[in-house]
Every structure is written in structure tokens, then in C-alpha cells.
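Let the sequences and hints guide you as you build the complete structure.
So the chains spell out like this:
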Amino acid sequence: MDNILSVLVFFPAIAGLLGFVVDKKSARAYGITVAAIEFMLSLWLWFSFDSSNAGMQFVELIPMIPDFGVSYYLGVDGISLFIIIMATLMTLIGMMSMSVTENIKNMIITLLFLEMTMVGVFVALDAIIFYLFWELSLVPMLYIIGAWGGPLRVYASIKFFLYTFMGSLIMLVGMLFVAYVYHNLTGVWSFAITDWYALVLPVNYQLWLFAAFFFGFAIKVPMFPFHTWLPYAHGQAPTIGSVILAAVLLKMGTYGFVRFSLPMFPDASVMMIVPIAAISIIMIIYTAMVAYAQKDMKQVIAYSSVSHMGIIMLGIFAMNAEGISGSVFQMLSHGIVSGALFMLVGVIYDRRHTKMMDEFGGLASVMPKYAVIFGIMLMAAVGLPLTIGFVGEFLVLLGFYQVSPILTVLAGTSIIIGAVYMLTLYKKSFFGPVTNEVNKTLKDLDAKETWSLIPLVAIVIWLGVYPKPVLEPIDNSVKAMLTFMDEKAVTLEAKNMIKVAKSTKEVK
Amino acid sequence: METLVYIALFAPFVSSMFAALFGMSPRKTFVGIVASLLLLISFAASVMLMMHIYATGTGIHVRMMDWISAGDLSIPFGFLVDQVSVTMMVVVTLVSTVVHVYSIGYMDHDKSFNRFFSYLSAFVFSMMILVMSDNFAGLFIGWEGVGVCSWLLIGFWYHKADVTREENPSISPSWAANEAFIMNRIADLGMLVGLFIVYWNVGSLQYDAVFSALPHLSGTVLNAAALALFIGAMGKSAQFPLHTWLTDAMEGPTPVSALIHAATMVTAGVFLVIRANPLFSVTPEVSYFIAALGTFVAFFAASMALVNRDLKRIIAFSTLSQLGYMFAAAGLGAYWIALFHLAAHAFFKALLFLGAGNVMHAMNDELDIFKMGGLKKTMKWTYLYMGVASLALAGIPFFAGFFSKDAIIETAYNEGTLVLWAILVVTAGMTAFYSFRQVFLTFEGDERYKAFGIHPHEMYKFVLVAMSPLGILAVIAGFGKGSFEHFVTKLLPEYHMSEHTHHIAWLLGLIVLAFAVSGIVLAYKKYAKKLVRDEKVENSFIYKLLANQYYIPKLYEEFISKPYAMISEHMWKDVDMKIVDATVDGIAKFLYKSGDGARKMQSGNLSNYLNWMAVGAVLLLVVAAFSAMLG
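Those protein sequences? They're chains X and F, same order as listed.
First residue of the first sequence? That's 1 in our numbering, and the numbers climb one at a time after it.
First residue of the second sequence? That's 509 in our numbering, and the numbers climb one at a time after it.
Incorrect hints may have been included.
With the Cβ distance kept under 7 Å, some of the chain F side facing chain X (calculated, not the full set) [stated by the list, open to error]: (1) ILE576; (2) GLY579; (3) ASN686; (4) TRP1080.
What the hints contain is simulated information worked out from the structure, not anything from laboratory work.
Note that CB positions come from ideal geometry on N, CA and C, so glycine has one too.
Here it is, written out as C-alpha cells:
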């Protein structure tokens, strides 16, 4: 199958369209089947992926508007491959565990469209195609929050939409400018990212463009101080919305930095290391503190997401393979773990229709299975070795240590304060005596919930013990990117800062 | 031999998984039995490995598979069984086998019996990874693994509610568990930084690569790495100022205290210093700091034990104090002596805790030694065990502690660090006093428990039998000192006393002994007949200071926990909501309002439109004029 990427992108969308004629009662089964097939396809992509090849694979290139160099251009490398698999997996698992019953058919169709846009963003190699999917992804999420959300859903969904949309517009201007510069230099128009990579831009151009792209990505990540849409979105979104939002949509931002900012503007990226690191550290420490102050379980997880995204941002700007590979791995890890945590909060919300921690206490004795799975995910979230959470966090901190030991120590406090809010949450909800009468009769996880969570537990442990199958392709692509950035960098500082692998000080 | 390595390592893992299968079902005795048998297998394998290494003199190095590889970093799952790690393996598996068997009796009536065995075996597995790993990252896996198991086990009775600090100094099991985990995490950050320093300067985390690269590294790097790693060790081994979690950890079931918070996990820090001895031997300043801190903690912890009334907390303080002794030895370069004390201490301290468990079992979980007394009538065997263990702890000839602790004190003299020596000698006297204060208050004198309607009874026979290996070792372990030295110094640096020290060794020993014996005599005089409480002493400042652990837990609460919670609250409500978010909404509102205001221009009145047009034209002219002037 040469055009597997097109199939991956459009299969869910076409299935979504067909979904309109599916009977309401079977909508759910239909959705799960489609998502399962999509997931299988993405696995198939992995198996036919050549791990030793660091470049783009399964490339499809069809010119669309040749006069302006816009083409339908798709491809994957080690960096995007696993994010795609994670996106299809989380969609499938999210659907399996979904407890929404109202307008279920609309929900399934929306999710399938959302899946198309998510996969599309990560396979697009043409800036216009990328931008299309990037913006389109807002629509289904707007609908999910606005239609199935909590009491403040309209405010939350509009805030989410307008905020991220504004950032993307600035990014679009940046994209147009890059294309313009490309045209000036080469005489032809092109929006192909791989063409743009070849562009060596003067430093002041790089800085302006870096800033333009930064707004688009930073709001999506979300970076401090652009993060306040996130707690509202999570607070109001139904469980499935939060799962997809945390697991996949936020990764678009960090992926953007890796795909665009670093290779296109290496000098600007190096100059921005300190400011970005400062923001990341604020994200890590400040939002961890805010998370600790929350009374609502879901808000704790929401703010913890911001904190963890800080780690990912830090790793991207480590400018060495350890840090960037760790970052990409951490994107997957955070996707799985925070997705699972949101699902777990959903479980208790379905039973009690509240997420306030002081309503609970002693859940471990009433719902032991639930407590065990929550505990495992919690340990993964605080980065326990042999869980998926450790690998990325460790590599990021290790990588950034080369840039700045002091900043790394500050960022490393994440392992302490992360444990503080997570363990406090666990203690408040799961330990102690069962004080609330209502909680005494709560049902433990049912089959549907258990079987949606077990695969995630398995992945958390599998990739914690043996991350190699995933880490190796990521690392190959990252190393290739760094070599390329090093060659391309204009300034000496950037050349010194960007560390091509095998750069560790040799023992004399 | 490779198979034996894997058997020793994975038998506890299998045990844990097996018990976990029954984790949510009612108590099943065979779960405990199977778990104990698997631990016994692990012990047997460790002993066979030890004999093999003793015979051949070379370690076994196996590489199981890759773990993390990224950039230039490559970390395998590799295991190294050499003189140091095999000693630890034997100690760990021996004590844990005993504790497993003991728990079958002790946890008899607990509804979470199966779950307990699952956690306990998981702990042993983590500990085995910690000691057997051939690289720093693998050590860190075990390091964090034991941390989690300790968290699970301290909080084992998670259903208990929080109470005030006055009622129970450790508030609740779940509180104590979180405290332990978080405090260890603080130290772990130091440990991680140590790993990073090592990696970026050596390019590998494998022990052999790191140690062979040491001569090429600068002094600053070495000192930084040694210090950072030691900060990690301070957490696990509960050294000041990260010590408060250890006494609070006594909230866990007593077998846990015996295994984790006395014999094995807390010695991980000492093990790290011993394992990384090539690094610490080239950083004399850091090593001296370790020795000084260890000595301080030895004294500091012993002082708090003097007045405590809680049976388990006294033993916990003594653990803290003995860890201080171990660090003193390791810091002074006597690595093998530190390891020897570590092993000997594991035996008699575990025995002491298990004895305390018997007492608790008999006293319906009462821990206040002021409410006990005269238990020797009903608990002959427990008295014997605890007496033997206390004699060993006090360093009475020819029990285990005599050989190991004396050697440490002698080392302090030999190194010329007379201040450290003097403190350690005084501490030895205090150790003897508080140990026997506790023994006498528990077993001798008037039967104060009668007033509380308690009917004590001796522990099950099989439990007492299971404790016997530890009892025997507490008595005879010291006699193995010579062969132990011969065995481990194949790997660890040898340590010899100077000619001068050697000559007056008898005198030094006598001084220590004098202190120890007078400690015991004093305890006997004060407490053996009956408990006479002295109001004046109990109300004195010093007594209160010691009884409240120098007010350090309170200090932490007032100056760290509470401000942190307060600042977090402010960060959320004032900064995040009122500044950051309000700014965003403000911008949105401004845009909305200005649009709304500008809407009024669209009045439909033509002359209004003409006016606006004129305004616009003027504005454009001004702009044009300005740009012409500037341009």
C-alpha cells in the first residue's frame, strides 16, 4: 500500500460521513470498529516502517496549486510515527470507555472527524496542509466541549477556540512570509516543509519567524502565560474530550516546535534557549503549585498537564539527542498517562457526578481495582523508573543538564512537587476512612472500564521496561535532525550549542 | 552461574506477582508460605553465588538486555555479582526470608494478608536490583522501587484517619507514607544530578567505565559528583536533615519496620557510598563531610532515643544512630568495616524489631513502654531475643555489634579525628542506656499493663523458631570478621590500623566498653525494679526538646508545608485567576467593547458618515506628514 498515509488520514473521515446513515443504536459499535481498524492501520504503518531510515517515509506528493507551490505532501519519520499511533490508540480507547449516551451518534461522527485532523497534522509535510488540519482540529473539539460539556461549556469552548485560533493566525502569517522569502531566493513558490528546511535565513529573519510560529505553538502547548484556556476546557469538557485534548491536541504544539522551529530556525532556537527554559521552569514549578491548591481532581490533572508539558518544552531546547528524543518520548508518555488519568477521573465522575476531592476518601477500600490502576498511572505520572514516565523525564533532564546545570536542578524539582500534588490527591481521595456514606456502595470498575484501562497499563509498563522499539526510531530521526541543524546554523554560538551525537567530552 | 543470578533476582519478583494474583481475595495462608519459599530459594541462590565468588575470587557480570538508549547514552539491564553485592544479597535475602515467615504469623488476622506479601516481595525484588545493578541508572531503578514499596507498606493500613500531631506524632499511616516518599524524592533529585554529572563527564553510567575514568576528571567534577550522590544517599539512609520520615515510617506493620526501615532499605545510602568507593576515596573533603555528618547523626538520634516512650520509635532512632556509625566508617575510608557493620546491624536490628512486633502482638498494639513492664514472665523467648539483640547493639563482647562498632570507633581514633572519636564513644554509652532502658521497661519490673486489662501471650512457636537464625547471627556474626575482611577486601580497599592504634587497641576497646557497661548499669538502676517517673526531669527544657525531636517536624510543618500550601493557594487564586486569566479575558473584552462602541458609527446618517470620512482623511494626512518628516 503506497498511499497508506492518505488512507490513515481519510479513512476515519469517510467512515464519519457514512456514520450519518448508521442507526443510532449501533453508532457506538460502528465507531469502535472504525477506530480499531484505524489503529490496526497505524500499527501496520509501524511494522512496515524502516527503523534504520531516519528520513521521511511513505511519502506522497501530489501538486495541488502548482503556481503557489502548494501540494498534497505527506510523510512520516520516527518523530511523528509514534504520535500518530498514540492518536489512533487514544481515540480507540477513549471511544471504548466513553460513557456519553446522549446524542451518541453525533459524538462518534465528531470523534472520527477529529481523528482525521489529528492524523493529518502529524503526517502533513506541506505547510498549508498542516495549517488546514491544525485549524480544522479546533472545530470538532469546540463542538465536543460546547455540546457535551459542563455548566460553563459555552464560555470554555469559545475561549479555547478563539485563543488558539488567534495564535494560529500569527503562525499563518509566519508561514506566508517563509514562502515569500523562499520565492525571493529561489524564484519559485513552495510550501513544502522539506524545501523550507533548505532555506538558510539571516538571524533577524529567523527571530521574527520564530516569534510568529511561537505564538501558534505556545498557545497550543500551552505555555505559561498562555495556559489559562486549558483548565476551563478540561473542567468543562466531557471525559472523552479531555482525554483527546490532553493526549493528542496539546502534542501538536510541541510537535510544531520540533518539526518547524528547530530545523528551520536553528540560530533563533539557540538564542531562545534561555527564555524558553525560563518559561518552561515557570510552567513546571508554578503550575505544579497551582495543581496542589486545586480542590477538584480533574483540575489537578489539568494543571499537572501544563507542568509536564514544561518538561517536554525544556527537552526540545536541550539541543542534544538525549534531550530531544526524551522530549518526543515524553510526549507519548504524557499522552498515555494523562489520557488514562482523565479516564480514571471520568470513572468516579460517572458514579458520583462530582470531582471534588473532599467528597471522597477511603476509595481504596471500596474500589480496590480502581485504586490499583489509578496508583500505577500516578506512579507513571511522577516518573517512577520502569514506567513509561521515567524514560522521557530522565532523558530530558539529562539532556538539559548539558545546557545548564542550575536550570536543570530547578526543573528537576518537578520530581518532588509532582509527587507532592499527586500523592496529596491520592491520599485525599483513596486513603483514610470512608467518611461519606454514599461512597460505601460505589461499584468497582466494570468490564468496559477495566478493558479500556488494561491496555494502557500494559503500555505504561512495557515501554517503561523496554522503550527501545519506540525510542530507537525516534532517536535516529532526532540525530539526523541535529546533524542537519548543525550544518545549517549560521552563527558560531548555535554551532557550538547544537550537539551532534557522539559529542560527549571524550575521556582523554 | 548466570542462572543462579537470575534465580536470586527474580524469585522475589515471582513471589510478588504470585501474591498479587490473590491481592483482592480473602486471606490465604499458602500465599505466605509460597512467598516465603520463593524467598528461601533466592537466599539459597545468593549463598551459592557467595561460595562461588569466595572460591574463585572473581565476580559474575551478566547483561540481560538494553534499557534506555538515546543520543550517546546507553543503559543496559546489567547485573554485577561481586564481593560487595553478594554480601548485600545474602543479608537482604536472609533477613527477608525470616521476615516473610514471621509475617505469616504476625499478619495472621489481617484481611489484606495476601496484599502484604505481594508488597513485601516486591520490595525485596527492588532491593535486589538496587544492589545487583552494574550501573548507576539500574541502581536508581531499585532506589525508586524500594521507595515505592516503602510508601505502599508504610501506608499499608491506609484506612486509618489522620489525627493531630499531639495524639500521634506521625499523624496517620498514609501521611507518614507520603512524607517518606516526598522526602526521599528531595534526595533523589540530588542523586539524579549526580548521575548527570557522571554521564556528561564520563559518557557512561556503568560502574567500571566510571571508576576507570576517575583519574582523568578534575577535582571540582569529582567533588560535585560525590556530593550529589551523597545527597541521594542522605534521603534513603535518613541522614539529617532528611531524617524525620524514618521514625514516622514506624506506622507501617512491624515486619516492614524490621526489613525495610532497619535492615535493608535504609542501608542503601551506605551501600551507595561503599559501591562508589573509588569516587569517594578521591574526594577527601566530601568523605570527611560524610564522616562528620554520620557522627553527628549517630549522636543526635541517640539523644532523642533517650527519652522516647514509643517502643518502635526508640528502635527507629537507634537505627538512625547506627546508620550514622556506618557513614562515619565509610567517610573515614574504612569501607569494609562499614559494610561489616551494615551486615551485623541488619541481623540484630531486624531481630530487635521482630521482638518488638511480638510485644505489640501481645500488648494489643500498645507501644508505650511506660504501660508495659514485667513481660518476661509470659514472653521468655522474646525477652531472650531482644536481650541478645540489645547486647549486640550495645557492643558488649562478644556479640556481633562489639566487633563491628568497636572497629568503627577505633577507625575514628586511627584517623586522628579525635572529636569524632569522642562523640562516637559517648554515643556508644547512650546506645547501651536507651537500649536497656527499653528492655527493662518492657520486660522487667512491675506489671503496669494489668491496669489496662491486657493479657499478654507469647508469639506462635513457628515464629519464634523463624527468628532463631537472626538470634544466632546476632551472637556469632562477629567471629566471622576475619574471613569477612579477607573476602570483601578483594574488592574494597583494605584498611589497616596504624602501629600505634594497634598497640592501644585494648585500651580504646576498654574505654568504649566502660561507657557501654555504665549505660546498662544506669538503665538497670533506674528502670529494672519499677518505673519511677520524675516530674521535674520530664518538665525540663532538655527533656521536652528531645521528646519533641528538637521540634524539627514542627519546624518543617510551620516553615515548609504550611507556607507551601499558602503560596500555592495564592498562586492559583490571585496570580493565575486574577492576573493571568483576567488579562486574557480583559483583552477579549476590550476588543468586544471597542467593536461594540465602534458599531455606533454605522448610524445610517449620511452627514455622520461624511464627518467620519473627514476625520479619517485628516488622520491619514497626519500620518503621511509624519512619515515624510521621519523618512
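Tested hints:
no. : hint    : verdict
1   : ILE576  : 6 Å, holds
2   : GLY579  : 3 Å, holds
3   : ASN686  : 5 Å, holds
4   : TRP1080 : 4 Å, holds
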